[in-house]
Amino acid sequence: MGPLHLQAIPAGQRIFEYRGEVTSWRRASARYGRCGESGHTFIFGLDDGRVIDGSVGGNSARWLNHSCQPNCEAIEDERGRVSIETLKDVMPGDELFIAYGLTIDEAITPELAADYSCRCGTTRCTGSMLALASG
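For the sequence shown, the tail end lands on 145 under the numbering used here, and the numbers increase by one without skipping.
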């Protein structure tokens, strides 16, 4: 379960920063390969090709779960820092969600698609945590 909060938060509010070690994709993915993580990764891709690895010096933002109808969004600034901000009013006790919008550099096979399937249960669930190709 992701972070929970105990008071109402209005739309447009910065909640916290996604923190962790800023490193290369190669180094972060090698770390996960060595550690044999059980399906959990805390890698947040940045616009410049680097990543924030929340498993090293990260905070509770790394526990944000995916939803196809998120109540929060991640906003990267010009310095490569990522803030988590509310998209709509969030009520006490609600879980905070972002849409992962994951991208992968390999052909999406049925097995790979299954690895990234979404089960958020929202009325507009796309069935995937992958970014939808714009057509």
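In short, the hints are calculated from the structure, not lab data.
The structure presented is a predicted model; accordingly, all values stated were derived computationally and were not measured.
Idealized CB from N, CA, C, for every residue including glycine.
Be a bit skeptical, because a hint or two may be false.
Derived DEER-like restraints, expressed as beta-carbon distance ranges [stated by the list, open to error]:
no.: 1; residue 1: GLY131; residue 2: PRO20; range: 31 to 37 Å
no.: 2; residue 1: THR136; residue 2: ALA21; range: 18 to 24 Å
no.: 3; residue 1: THR119; residue 2: GLY22; range: 20 to 26 Å
no.: 4; residue 1: TRP35; residue 2: THR119; range: 19 to 25 Å
no.: 5; residue 1: ARG24; residue 2: LEU122; range: 21 to 27 Å
no.: 6; residue 1: ALA123; residue 2: ASN75; range: 16 to 22 Å
no.: 7; residue 1: GLU83; residue 2: ALA117; range: 37 to 43 Å
no.: 8; residue 1: ARG134; residue 2: ILE114; range: 36 to 42 Å
no.: 9; residue 1: ARG24; residue 2: ARG129; range: 26 to 32 Å
no.: 10; residue 1: ILE118; residue 2: GLY90; range: 39 to 45 Å
Hint check:
| no. | hint | result |
| --- | --- | --- |
| 1 | GLY131 to PRO20: 31 to 37 Å | violated, 25 Å |
| 2 | THR136 to ALA21: 18 to 24 Å | holds, 23 Å |
| 3 | THR119 to GLY22: 20 to 26 Å | violated, 40 Å |
| 4 | TRP35 to THR119: 19 to 25 Å | holds, 21 Å |
| 5 | ARG24 to LEU122: 21 to 27 Å | violated, 34 Å |
| 6 | ALA123 to ASN75: 16 to 22 Å | holds, 19 Å |
| 7 | GLU83 to ALA117: 37 to 43 Å | violated, 29 Å |
| 8 | ARG134 to ILE114: 36 to 42 Å | violated, 22 Å |
| 9 | ARG24 to ARG129: 26 to 32 Å | holds, 29 Å |
| 10 | ILE118 to GLY90: 39 to 45 Å | violated, 28 Å |
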